Amino acid sequence: MIYNYLLIAFRNLRKNSTYSLLNVLGLGLSIACCLLIFLMVHYHLSFDTYHKKADRTVRMVTDINLETVTPFRGSPNPMSKALRSEFSFIEKAAMYAGRYEAVISVPNVSGIPDKYKEEGKFAFVEPEVFEILDLPLQQGDVAALREPNTALLTEKIARKYYGGTDVIGKTFRYDNKVDFRVVGVLRDLPDNTDYTNEILVSWSTRNSMPEHAPYLDNWGGISGDTYCLAALQEGRSIAELEAAMPEFRKKYRHPESEMLFQYKPFPLKAMHLNTDYGNGNMEKSYLWALALIGLFLLITACVNFINMATAQALKRAREVGVRKSLGSTRGQLFWQFMFETALIVVAAVVIGVVLAMFSLPYLNTWMEENIHLEGPGRLPMALFLLALSVLVIFLAGAYPGLVQARFQPVVSLKGLAETGRASGFSLRRVLVTTQFTISQILIIGAAVVTAQIQFARDADWGFRPGVVFTVPVPERAHMNALKEQIAAISGVKNVSLCYQPPASSSNNQTGVQFENRPEGEPWMVNNKPADAQYIETFGLKLVAGRNLQPSDTVREYLVNETFVKKLNLASPEEILNKKANIDGVNAPIVGVVADFHNWGFSQDISAISFTTASSGYSTCAVELQPGNPAQVLEQVKKVWENNYPDYYYECNFMDDLMAEFLESESIIMRLIHIFAGIAIFIGCLGLYGLASFMVVRKTKEIGIRKTLGATVPGILWLFGKEYIRLILIAFVIAAPVAWWAMNAWLQNYVYHTTLGPGIFVIGLLSTFAVAFVTVGFQSIQAAVANPVKSLRSE
Amino acid sequence: MLELKNIEKYYQNGATKSYVLRYVNAHIAEGEFVSIMGPSGSGKSTLLHILGMLDEPTEGEYWFLGEAVHKFNERRRTELYQQYIGFVFQAYHLIDDLTVYENLETPLLYKKVPSGERKSRIADLLDRFNIVAKKDLFPAQLSGGQQQLVGIARALIGNPKLILADEPTGNLQSQQAREIMDVFKKLNEEDGVTIVQVTHSDANAQYGKRILNLMDGRVESEDIVRK
Chain E
62 MIYNYLLIAF RNLRKNSTYS LLNVLGLGLS IACCLLIFLM VHYHLSFDTY HKKADRTVRM
122 VTDINLETVT PFRGSPNPMS KALRSEFSFI EKAAMYAGRY EAVISVPNVS GIPDKYKEEG
182 KFAFVEPEVF EILDLPLQQG DVAALREPNT ALLTEKIARK YYGGTDVIGK TFRYDNKVDF
242 RVVGVLRDLP DNTDYTNEIL VSWSTRNSMP EHAPYLDNWG GISGDTYCLA ALQEGRSIAE
302 LEAAMPEFRK KYRHPESEML FQYKPFPLKA MHLNTDYGNG NMEKSYLWAL ALIGLFLLIT
362 ACVNFINMAT AQALKRAREV GVRKSLGSTR GQLFWQFMFE TALIVVAAVV IGVVLAMFSL
422 PYLNTWMEEN IHLEGPGRLP MALFLLALSV LVIFLAGAYP GLVQARFQPV VSLKGLAETG
482 RASGFSLRRV LVTTQFTISQ ILIIGAAVVT AQIQFARDAD WGFRPGVVFT VPVPERAHMN
542 ALKEQIAAIS GVKNVSLCYQ PPASSSNNQT GVQFENRPEG EPWMVNNKPA DAQYIETFGL
602 KLVAGRNLQP SDTVREYLVN ETFVKKLNLA SPEEILNKKA NIDGVNAPIV GVVADFHNWG
662 FSQDISAISF TTASSGYSTC AVELQPGNPA QVLEQVKKVW ENNYPDYYYE CNFMDDLMAE
722 FLESESIIMR LIHIFAGIAI FIGCLGLYGL ASFMVVRKTK EIGIRKTLGA TVPGILWLFG
782 KEYIRLILIA FVIAAPVAWW AMNAWLQNYV YHTTLGPGIF VIGLLSTFAV AFVTVGFQSI
842 QAAVANPVKS LRSE
Chain U
11 MLELKNIEKY YQNGATKSYV LRYVNAHIAE GEFVSIMGPS GSGKSTLLHI LGMLDEPTEG
71 EYWFLGEAVH KFNERRRTEL YQQYIGFVFQ AYHLIDDLTV YENLETPLLY KKVPSGERKS
131 RIADLLDRFN IVAKKDLFPA QLSGGQQQLV GIARALIGNP KLILADEPTG NLQSQQAREI
191 MDVFKKLNEE DGVTIVQVTH SDANAQYGKR ILNLMDGRVE SEDIVRK
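Quick note, the sequences are listed as chains E and U, same order. Add 61 to the 1-based position in the first sequence for the numbering used here, that's all there is to it. Add 10 to the 1-based position in the second sequence for the numbering used here, that's all there is to it.
Since the hints were made in silico from the structure, they are not lab data. Keep in mind that this is a model prediction, so the values were computed, not measured. Take the hints with a grain of salt, since some may be wrong.
What the simulated footprint calls covered on chain E by chain U, stretch by stretch (three residues with Cβ under 8 Å from a Cβ of chain U suffice, anywhere in the stretch; the number is not a length) [unchecked claim]:
id, segment
1, 70 to 82
2, 90 to 104
3, 210 to 221
Derived lysine-lysine pairs resembling DSSO-like cross-links, with alpha carbons at most 30 Å apart [said to hold, decoys possible]:
id, chain 1, residue 1, chain 2, residue 2
4, E, Lys376, U, Lys195
5, U, Lys145, U, Lys219
6, U, Lys27, E, Lys76
7, E, Lys376, U, Lys219
8, E, Lys114, E, Lys376
9, U, Lys145, E, Lys76
10, E, Lys376, U, Lys15
11, E, Lys761, U, Lys144
12, U, Lys27, U, Lys15
13, U, Lys219, U, Lys195
14, U, Lys129, U, Lys195
15, E, Lys76, U, Lys15
16, E, Lys217, E, Lys113
17, E, Lys176, E, Lys114
18, U, Lys129, E, Lys76
19, E, Lys178, E, Lys761
20, E, Lys76, U, Lys195
Quick list of simulated restraints, FRET-style, between CB atoms [said to hold, decoys possible]:
id, chain 1, residue 1, chain 2, residue 2, range
21, U, Gln93, E, Thr79, 58 to 68 Å
22, E, Gly738, U, Gln183, 55 to 65 Å
23, U, Lys81, E, Val472, 17 to 27 Å
We treat Cβ as the ideally placed atom computed from N, Cα and C, and that holds for glycine.
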């Protein structure tokens, strides 16, 4: 029986090869997308879930409680010690302080050490971290990490530095200052972890480092890269720890106010998808949106299948009648049709998997991800594919199968099966409308995301990104020489030493006390150390007062308009020559600059102060004269390397730095463009198939109408009016849904584009255009055909 | 063998009923060869479809080998049908995508006959109808008469007790038609298969033993064929 089903299914697919091809292609594409989306969702949901104690591990985070609550990723240095002594139900607690940048010097035979600049690889850790996270040791001893100046490396890093993994006892130097001895080698880290540091050095080393030692017992400072991880004892709940926090806070208070820092245990497994405390730029809502898009694509492909199958059912009606007269039951017929569907779906799955395999590397590049088909994700992937196949077989095959199996033999033998009429056709309308709705929602979504990115790109940031680039200032020692020498290069217009450019992800937030007000202000100021050339180099506009005078220490402040507003002063002039205490230094405010975007567009503009605190300089900003920069850049590099031979040269143009603020939006844009394109393409395949059936069915009608005097446009209208009506109905459904979803998305941005009618018109018109191109050709062909021919063939 | 009691078939069209069959009573004994005749639209085919359980009467009783068919659900009807009835159509209705061999095999697959027995039965019939050489051809490659031979062979493959034929020679030339009718006659006389045929042609009706004349859905008269 199964052989017979297979045989007839195969012959049928071959006979209707166009139809089969459209179906296999459409389903294959959507299955490929679903698979990729599944891999991506699965990957992101799997982050840090593989640790044996993941369920009972927390990271201590801090809410900074000012006029608004600011969530913060880190916790103070003494946190782990306090947790250990305070709560017996905490099994282990450990500090983990990642350094964003580290220069590692590895001695070699030549005597001149090899230098490596490592980003996000270096971290100070307490040895307890190995009893919390799964960081398996390949060789060596974790206990040795209690000693200062000891380090563990991953195999990858060991091979990179020393050419092999037998490296115990070898040494390296960190930031040209501190020496470390390797005491163990770790297995390479999996991709799905946010704890990606591969050079783990002993926490106790910090006791002898002047920049860290004074703060190790300090509850007053927190850094985003310094975490406290804690594993609770089995059976104890995170809520229990959270409930104990108010008491804990009173005991280990911040000197100023116990309310300022509110500590909170946050589950390790939830960290990756949390934008407040986590480090990823993937949000749960994006994963949901992706899953929804995957479902959309699947529905679109299944709709194609159902449409084409029911349109085709007429052709198969006679066969159904014959089979029933040969003694087939309804069930046997249903399964015969399901078998055909299954055959198409299996072919589509094969094509889908191949497509997914080929496109995965591109997806990884676009999304800046690291997703693989191999590895532990394989079993869930196979199960997903199996479930997906069964789902698609039933979603796509069940309805046409049921309809065809139910044909009355007597009626269908006469070739008058009732599919086409009332019920079948209105269902097909519903399905086509569904497809149009999905396409329009995706088109509108894509248009809104694009518009928002365009808005951010074209918007006035309040400073001129122009031809400005930055180079690092690794040591204070030579910075003034560096500045002078760069300024002397012809082609350089301005040079400024500063902490960071106006918009930056590195910030220095601190409290502020204005004039003689008794209390500190309930908000923080973003203090940006910068010299007197800063506002000219970056093109900041002075709205009141004057610029800073050159100095190496804090003598006076410049602030922005928001600073003035937050102090409730009526005009910028009022603040001039008043004193403010920022970061412990009292000095007059001499000027006010116009507001500029310091965070990108998703957040409010901060209160900002500039001051000539040269101890905080870490960047040198260079503005170029118009002209060919290549030669100038070369000279800047030479000058820099002369001053800092021990460091790594790096040059970043402001345009690139600012593009980083739009990174997650750009990723979303690319994704939604791709998926909207695919959804439209799949929809087109179906529409094309459907249109061919309609043309065939109406050939005779067209012939008769033409002999009765119908014109070509009149005939085209016969086809067109149906589609126009369906597209309009789809628009009525799609527009509010898309408006609601995209409006909610735009609310993430304090500064955003407006949802004008233009975007919706784009959605509607492009659907018309797509439908016209897909259906138009065949309709025109049918309309201009010679009626004598079509009538004769009947 | 089968008995029809007050069979009615009508379609409700708003308030009016349009009747296809009215008060049809008939009795057909095992081994008979009955022809149903009548003008177009008199309900011949509908009656045949009801006999063949492909269609249901709106009212009335249908007894087949002592069983109340009108009370059966679709599954029981299919079982009964598979066991006892073979159908021959005017338009042959072979499945285009299957070869002659596979067309013959299909009813046996639905009856879940084991493979060995399927092979021997098909070989038997191919032999009997002299179409062994055609077994791997598709229907479109055969003449009308050959197609109808395959149609009859397919109807016979399940060893039915009753063959229902709906104008089996309607699409054939007279020479081929005569050959087909001879096959039916032989089946009836030598193998004892009960045959009910619908026909327009007096000549074909003469092959049978009894004629039911239908007019506007009623059985108007019955004739006995005299040789």
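Against the structure, the hints:
1. Under a criterion of three residues with beta carbons nearer than 8 Å to beta carbons of chain U, the stated coverage of the segment 70 to 82 of chain E is upheld, 3 such residues being counted.
2. With 0 residues having a beta carbon nearer than 8 Å to a beta carbon of chain U, the segment 90 to 104 of chain E misses the requirement of three or more and the stated coverage is violated.
3. Beta-carbon proximity to chain U at under 8 Å applies to 0 residues in the segment 210 to 221 of chain E; the threshold of 3 is not reached and the given coverage is violated.
4. Restraint check: the Cα-Cα separation between Lys376 of chain E and Lys195 of chain U comes to about 35 Å, which exceeds 30 Å; the hinted pair is violated.
5. Distance restraint check for Lys145 of chain U and Lys219 of chain U: the Cα-Cα separation of roughly 34 Å exceeds the 30 Å cut-off, and the hinted pair is therefore not satisfied.
6. Of the pairs offered as hints, the one joining Lys27 of chain U and Lys76 of chain E is violated, with about 43 Å between alpha carbons and a cut-off of 30 Å exceeded.
7. For the hint linking Lys376 of chain E to Lys219 of chain U, the alpha-carbon distance of about 39 Å lies beyond 30 Å, and the restraint is violated.
8. Distance check on the hinted pair: Lys114 of chain E and Lys376 of chain E sit about 61 Å apart at the alpha-carbon level, beyond 30 Å; violated.
9. Straight-line distance between C-alpha atoms of Lys145 of chain U and Lys76 of chain E comes to about 21 Å, which keeps the hinted pair within the 30 Å bound.
10. For the proposed pair Lys376 of chain E and Lys15 of chain U, the alpha carbon gap of about 37 Å is over 30 Å, so the pair is violated.
11. At most 30 Å may separate the alpha-carbon atoms for a hinted pair to count; Lys761 of chain E and Lys144 of chain U exceed this at roughly 36 Å.
12. Of the pairs offered as hints, the one joining Lys27 of chain U and Lys15 of chain U holds, with about 20 Å between alpha carbons and a cut-off of 30 Å not exceeded.
13. For the given pair, Lys219 of chain U sits about 10 Å from Lys195 of chain U by alpha-carbon distance, which is consistent with the 30 Å threshold.
14. Note on Lys129 of chain U and Lys195 of chain U: the hinted pairing holds, with a Cα-Cα distance of about 26 Å set against a maximum of 30 Å.
15. For the given pair, Lys76 of chain E sits about 46 Å from Lys15 of chain U by alpha-carbon distance, which is inconsistent with the 30 Å threshold.
16. Distance restraint check for Lys217 of chain E and Lys113 of chain E: the Cα-Cα separation of roughly 23 Å lies within the 30 Å cut-off, and the hinted pair is therefore satisfied.
17. As the CA atoms of Lys176 of chain E and Lys114 of chain E are separated by approximately 37 Å, the hinted pair breaks the 30 Å bound.
18. Proposed proximity of Lys129 of chain U and Lys76 of chain E is supported: the alpha carbons are some 27 Å apart, at most 30 Å.
19. Using a Cα cut-off of 30 Å, the hinted pair Lys178 of chain E and Lys761 of chain E is violated, with the two alpha carbons roughly 75 Å apart.
20. Proposed proximity of Lys76 of chain E and Lys195 of chain U is contradicted: the alpha carbons are some 39 Å apart, above 30 Å.
21. Checked against the hint of 58 to 68 Å, the pair Gln93 of chain U and Thr79 of chain E fails, with Cβ atoms roughly 41 Å apart.
22. The given range of 55 to 65 Å is respected by Gly738 of chain E and Gln183 of chain U, whose C-beta atoms sit roughly 59 Å from each other.
23. In this structure, Lys81 of chain U and Val472 of chain E meet the distance hint of 17 to 27 Å, their C-beta atoms being roughly 23 Å apart.
Hint violations for this structure: numbers 2, 3, 4, 5, 6, 7, 8, 10, 11, 15, 17, 19, 20, 21, all remaining hints satisfied.
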